[in-house]
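Using the sequences provided together with the hints, build the complete structure.
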Amino acid sequence: MGTLSAIIVDAASFSAWLFLVAVGLTLIFGVLRLLNIAHGAFYSVGAYAAIYAIGASVALGWGTALQLAAALGAASVIGALIGLLVERCVLLRLYGHPEPLVLIATYALFLVLDDLTKMISGGRSLYAAQPRDNLGQIAIGGLQYPTYDIALIGVSLMVAAAAWYTLNRTRLGRCVTAVVFDSEISAAMGIHVGRIKTGTFIVGSVLGCIAGALTAPKIAVSPGIGVEVIVIAFAVVVVGGLGSIPGALLGAAIVGLARAVTAHLMPEVEVFAVYFAMVAVLAVRPHGLLAPVAARRI
Amino acid sequence: MKGHRMDWTIAALLAVAIVATVGAAGVPSWIRYLGQLSTSTALASVGVMILLRAGLLSFGQSLFYFVGGYAVALIARYGGVTDALALVMVAAIAAGLAAAIIGQLLAGYRGIFFSMLTLALSMVMFSVATKVRLFGGSDGLNIGLMSYLGYRPRGPDAQWASFVFCIWVWTALAIMTHAFLRSRFGALIPAVADNEIRIEYLGYSVRKVVWVAYGIAGMLAGAGGALAGLSARHVDPQFAYWTTAGDFIFVVLLSGQASVLSPALGAFFLEILRSYASALFPDQWQTAFGAMMLAIVLFLPAGLDRLIVLIWSAVRKIRALRPHTLERGRSS
Amino acid sequence: MTDLLQCIGVQRRFGDFLAAKGIDLTVRHGEIVGIIGANGAGKTTLFNIISGYLKPTDGRIMFRGMDVTGLPPRFLVRQGIARSFQVPQLFGRSTARENMMIALSLLAERRPSILRRFSERGLIDQAERVLSAYGIGEHADAVVANIPQGVRKLLDIAMATCADPALVLLDEPTSGVSSDEKNQFVSGLIERFRKASTAVIFIEHDMDIVREHASRVIALYEGRIIADGAADVIFADEDVIRFITGAAGGASPQVKDRYASA
Numbered sequence: 001m002g003t004l005s006a007i008i009v010d011a012a013s014f015s016a017w018l019f020l021v022a023v024g025l026t027l028i029f030g031v032l033r034l035l036n037i038a039h040g041a042f043y044s045v046g047a048y049a050a051i052y053a054i055g056a057s058v059a060l061g062w063g064t065a066l067q068l069a070a071a072l073g074a075a076s077v078i079g080a081l082i083g084l085l086v087e088r089c090v091l092l093r094l095y096g097h098p099e100p101l102v103l104i105a106t107y108a109l110f111l112v113l114d115d116l117t118k119m120i121s122g123g124r125s126l127y128a129a130q131p132r133d134n135l136g137q138i139a140i141g142g143l144q145y146p147t148y149d150i151a152l153i154g155v156s157l158m159v160a161a162a163a164w165y166t167l168n169r170t171r172l173g174r175c176v177t178a179v180v181f182d183s184e185i186s187a188a189m190g191i192h193v194g195r196i197k198t199g200t201f202i203v204g205s206v207l208g209c210i211a212g213a214l215t216a217p218k219i220a221v222s223p224g225i226g227v228e229v230i231v232i233a234f235a236v237v238v239v240g241g242l243g244s245i246p247g248a249l250l251g252a253a254i255v256g257l258a259r260a261v262t263a264h265l266m267p268e269v270e271v272f273a274v275y276f277a278m279v280a281v282l283a284v285r286p287h288g289l290l291a292p293v294a295a296r297r298i
Numbered sequence: 001m002k003g004h005r006m007d008w009t010i011a012a013l014l015a016v017a018i019v020a021t022v023g024a025a026g027v028p029s030w031i032r033y034l035g036q037l038s039t040s041t042a043l044a045s046v047g048v049m050i051l052l053r054a055g056l057l058s059f060g061q062s063l064f065y066f067v068g069g070y071a072v073a074l075i076a077r078y079g080g081v082t083d084a085l086a087l088v089m090v091a092a093i094a095a096g097l098a099a100a101i102i103g104q105l106l107a108g109y110r111g112i113f114f115s116m117l118t119l120a121l122s123m124v125m126f127s128v129a130t131k132v133r134l135f136g137g138s139d140g141l142n143i144g145l146m147s148y149l150g151y152r153p154r155g156p157d158a159q160w161a162s163f164v165f166c167i168w169v170w171t172a173l174a175i176m177t178h179a180f181l182r183s184r185f186g187a188l189i190p191a192v193a194d195n196e197i198r199i200e201y202l203g204y205s206v207r208k209v210v211w212v213a214y215g216i217a218g219m220l221a222g223a224g225g226a227l228a229g230l231s232a233r234h235v236d237p238q239f240a241y242w243t244t245a246g247d248f249i250f251v252v253l254l255s256g257q258a259s260v261l262s263p264a265l266g267a268f269f270l271e272i273l274r275s276y277a278s279a280l281f282p283d284q285w286q287t288a289f290g291a292m293m294l295a296i297v298l299f300l301p302a303g304l305d306r307l308i309v310l311i312w313s314a315v316r317k318i319r320a321l322r323p324h325t326l327e328r329g330r331s332s
Numbered sequence: 001m002t003d004l005l006q007c008i009g010v011q012r013r014f015g016d017f018l019a020a021k022g023i024d025l026t027v028r029h030g031e032i033v034g035i036i037g038a039n040g041a042g043k044t045t046l047f048n049i050i051s052g053y054l055k056p057t058d059g060r061i062m063f064r065g066m067d068v069t070g071l072p073p074r075f076l077v078r079q080g081i082a083r084s085f086q087v088p089q090l091f092g093r094s095t096a097r098e099n100m101m102i103a104l105s106l107l108a109e110r111r112p113s114i115l116r117r118f119s120e121r122g123l124i125d126q127a128e129r130v131l132s133a134y135g136i137g138e139h140a141d142a143v144v145a146n147i148p149q150g151v152r153k154l155l156d157i158a159m160a161t162c163a164d165p166a167l168v169l170l171d172e173p174t175s176g177v178s179s180d181e182k183n184q185f186v187s188g189l190i191e192r193f194r195k196a197s198t199a200v201i202f203i204e205h206d207m208d209i210v211r212e213h214a215s216r217v218i219a220l221y222e223g224r225i226i227a228d229g230a231a232d233v234i235f236a237d238e239d240v241i242r243f244i245t246g247a248a249g250g251a252s253p254q255v256k257d258r259y260a261s262a
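Residue numbers (the numbering used here), protein chains in the order written: chain A, 1 to 298; chain B, 1 to 332; chain C, 1 to 262.
There is no bait here: all hints are sound.
Okay, derived cross-link-like pairs now, DSS-like style, lysine-lysine, Cα gap no bigger than 27 Å in a straight line:
#1 C:195 to C:182
#2 C:55 to B:208
#3 A:118 to B:131
#4 A:218 to B:131
#5 C:21 to C:55
#6 A:218 to A:118
Because the hints were derived from the structure by calculation, they are not lab data.
Have a look at this one:
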């Protein structure tokens, strides 16, 4: 029975991380109709920001709560700044351009941002495990888990709930939904489509940076962590259906479960679990589980 | 049939190959080496160009580059084959077969689905390559000296022979690709990007067009990877890494898609850039590379061959001395 | 002589919505059939099903006595079912001549050859002959995205029908054609197909054109055939007047024109 509970906890923990990583990507796709490869770089920028913020707050003698607040604050500010800059200076000029060109632009942004983190950190692996260590361990089903990792499951669910509430229960959210549905008609109805797009992109980048910041205490932050993230986040998003937030949650749950099951029962294929899950879902539903139905073309 | 006019692309390709062969002895060996490396990048980039003409951006041509390079290394090491031509042919066929199989899965996908699935596949290959002992792990494999249809050069001659060999493999494959692109089947490739429904209603399978294009692109990338392995006499998992695929995209972005010759120019430019950049600012290469890509996307999305067309038409207009026609340069 | 096309109890469901509710329809060789019906009556859905773009949820399609239910367009086209589109489906970045050349090289041969050149004198001449026959030869060099809608419409039909099909489906051939040219436009087309004894089914909102050119009219309402017969009979039918043509014998010209330009 121990294995089963371990699989469930691991699946929940990994799914929570996957959702955090994927939610910004799917939000940006939903509203701006572009796949932001630079999202992986946002993640690593956020992770580095958190490392430095935690380092500084530890040096100042701050407590765990303040360390985490500093990490999240630093990641959010940097995420918002980069998001604003990228959307206004690059993407704004590319709306309506062929898809491959936009994809190449976000790839180029990834390279630049990724290299910048390398220059700042000097390419070393950095650690900031203090908040996670300070929070101690918690016993579930006879096994010890870091409290921090379990708390992340709650954080992830809160992000999901907040996203759902904003999109479905607020005026702003309805404007965003309207833009997703038809940006031309939204503009005709007096919605500032440009502002909605900029705002969404900033929120998406902040979410990407926060995902990195929250992960930073768990890992060795080193150059190159962003590449894996973009591929995995895409897999999650594609399983659930591109552009759908409930889809990202579902995708995260499926991929997380697949990974946890293989990690415990077939560890040698664990690395490929994500891709197996993706291929299996795409074989049955080529555009993901909760993808919106395409309109008639002829 | 009358009217077999001269094909300028083929003439230009042959001219480049002949000039390179004859002039090879007269240029410094490092330029020869850069030229040799560009042939491999150029071949893989031609594949990217074919797919891009069909509206598909492949982020995973590095996968077939890897297959080609490692096919050469493994067959040379374990099969004892040293004939360069045989190795390149086997490598291209292996990569083409791999592309044909993967293409069956991918032919139904378009847009970012296609791009990201190709990306994911190349990254899977990369992580496999770094772990498998047969592939030499992250150190890769070395490749010994080659023979060319019985000719076994040693010393400085070996480098010269290898250069000439790469140039002619590139020329032959570029001519074949050119013939393919201007064939009746080849005419369907841009048509796929334009209107898939119409092709289906003209009685042909869009899936098959995409599949064939993907197979040919994979074969070209495989040949490119084989040449890269032969040139550097070494292959490593970096062949499969996504930035390798990014290099091919950069080349096509830079040179445009006008003809099979264009990627060769872009590839040569990339190799020169890379060798200077690694000497001048080794730590900022990726930033410079990314910034340049962004600049092209933002200011010259049709590539440098478009710039040449623009300059040419501007020159003609200035010659015609009609200032008001300059206004018309920015249509579409 | 066997019937050319037979639809037997054809149904198509989109979620909860039935776009075709058991359609039975038979078309004989060389017949000219007009389809009328309001927007959303299921006219284009019917074309999509007959031409293989959509699989029917239920029912069968027989063509020349062969069951072709669920076969894709690329197969049916080669069997002789050609189809034109309400919004012309063209290769927008190529010239009209290149569009026609692709159509000819695909439809005239079993498969497009990798060994034969595309820009071959023979193919070019053939394409130009077809364009001239449709009176659009002067646009041969124009990039398709830039030519007038009426010409695009003709090119779309010319491409679809260049391999002498047995059955032609025309989806609103006159939408986008100016109202004073409409009649001549349709006359030319119908004349051409009548000469080749090609069966034609066309969707049309202009009742005068239907009355003039269709030897038989089918009225669709909410996914069902409510009347099928000779034009005079159909236009006098109570249901047709109530649901489709209205007491005045058709929608007002303004509405029609707005529809045409949509």
